[in-house]
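Protein sequence lines, in the order shown, are assigned to chains A and B.
FYI, the numbering for the first sequence is 1 to 296, going by the numbering used here.
FYI, the numbering for the second sequence is 1001 to 1303, going by the numbering used here.
Treat the hints with care, as some may be off.
Stated by the list, open to error - Facing chain B, from chain A, some residues (calculated, C-beta under 8 Å):
no., residue
1, A27
2, Y31
3, R73
4, R92
5, Q93
6, P94
7, D96
8, L97
9, S101
10, D103
11, S104
12, S174
No lab work stands behind these hints: they were computed from the structure.
Glycine residues also receive a C-beta, built at the ideal position from the N, C-alpha and C atoms.
Here's the letter readout for the chains.
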Amino acid sequence: MRLVLSRDDRIGVLRDGGFVDVSAAFADIRYRTAADRMPRVIATLAERRAQVEELAASSQPEPVPPLQAPVPRPPKLIAAFANYREGANRERQPQDLFLESPDSVIGPGGTVVLPPHQATIFHHEAELALIIGARAKDLPADERALAALAGYSCAIDVSARGLGRMPPSRMGKSFDTFTPLGPAVVTTDEVPDPQALRVQLSVSGELRQDYSTRDMEYSVVEILAFASSYMTLVPGDVILCGTNHQGLGALQDGDAVQMSIERVGELSVTVRDPLRRTWPRGIDEEMAARHRGAHA
Amino acid sequence: MRIAMADGSRIGVIAVDNTFVDIGDLLQPYDPLGPEDLLPDLITHFPELRDTLSHRVATGGGVPLEGVRLRSPVVRPSKIVCLIGNYREGTDRPPQILDFFFKSPEGIVGPGDTVVLPPHPATIFHHEAEIAVIVGREAKSLSADEAMDAVFGYTVFNDVSARGLGRSGINSFLGKSFDTFAAFGPWIVTADEIADPYALHITVEVNGERRQDYWTSDMERPIAELMTAISAVTTLHPGDVICCGTNHQGLGAMQDGDEVVTAISGIGAFTLHVRDEQRRVWPRGIDRQTAERVRAAGLRPSQ
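Throw the hints in and build the complete structure from the sequences for me.
Rendered as structure tokens:
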């Protein structure tokens, strides 16, 4: 099942190329904003699954309306540092994660707005996103951890480089609009093997990133186990699994960015830079070489 | 005015006679969905509630503080932002580049609660006493002039920190996001009662032994600048917590059985207990090595 949230705050399921409104299945859930509604909705998804599917099957799909992120402001936004082998034959690095601002999330069709800060470059990082479905602490690093997941989604971890005191810049990933997320929460049953997904990202028609989640250093269940060994995960939390740096490139004013993950979906955003700075187009080969080598 | 949470879901003010006066009834018209909405609602509607609240503070008639269990004054902020090394620490160096990180809001504990050390092989678990700002309104790209208007009040924060975990050289600060590692209280003092936030004395005592002992006058970058820089990156919401950084001269180990009292003059004090199932032992007293390193080089990638 593919659960989405329309910009006019209707909860829907994507089916046969269209959208079916299933808001009625969640009508009893009180909320103030979409930000606090979706974690509550996602928390009930497992137990209401049958009812949601029945609703989704009972009506004719309408054309897909404009969508917002399926979790417009997650309780926590957790991100993996470089978590891919990137074609190198090396021992995997020690596992690590960090927190980004949950206010950085935008949805499909949104606009990434580059801030006036003097970053050396603004990179796109296409990543598999995990959407947490149940409170969880100390999950095991095996299949059982997947029970804590509501599903998967696409995310772009937009990254301003060179800001702050200590590289890599964490601040540079937390700007408002810097985490496009969506279009749907794709439930785990639709993705039999999360370690065999092709991830692609194109900028204005030019393919940049193109990698497989098979190359991850720490798998989805290992990430879930590690994150939950530190902090309680709660419904609606989003964990970004890291990117493969072979294929990063600059984002700049006017760019149209499209990413896709096999079985998970397609996510498109545009980029606006009021300062209209320019960087070389194409892949940042220097960054790619650095990550194949010593690693950050 | 001092604003507190008690017994899990009650919000109140601390009256002149040091009693807890429940004010939940005043917030019902705003239809809170849960205890996490009470403080943001109070902050948002503070101007219209102020007279009524002042009246209650003056008249007293609440429950003696011994009769309530105070909790962390913010139940669930959208984010906890922590400044990285923001004190001169006795040096005359120029201010370092402003930088910050986010700490897990699931780590929140309050007065009388227990910090539980995880089994992870940290080199040490430090206390870091800090003054924290409670954000007073939704704010993005604050100008220097309006930054202090977005401060609702202040509280006492202990940014508990596990050292030596994670990938070397990248500073994830994840060792600060364990559950129970975001300790603060005992209440929020509204900004109008803190005439000079740079004239406050911050202390930590562990089992009666004085460890941290510094003044906010040593802060590198003033609160308005922190608010401006953070809101240039991310939208702030009422009740968000901004920790202004610690002075590392006086950090020390927290270990099983410790009783830790964190205090700021003019705001308040609260006690934490420490539990470590593994009963690891570190030297008592001040961690002179960390103090010396930060004094010599500032807070650099090696932490």
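Results of checking the hints against the structure:
no., hint, result
1, A27, "15 Å, violated"
2, Y31, "7 Å, holds"
3, R73, "7 Å, holds"
4, R92, "11 Å, violated"
5, Q93, "6 Å, holds"
6, P94, "5 Å, holds"
7, D96, "4 Å, holds"
8, L97, "6 Å, holds"
9, S101, "4 Å, holds"
10, D103, "4 Å, holds"
11, S104, "7 Å, holds"
12, S174, "5 Å, holds"
The earlier numbered hints that this structure contradicts are 1, 4.
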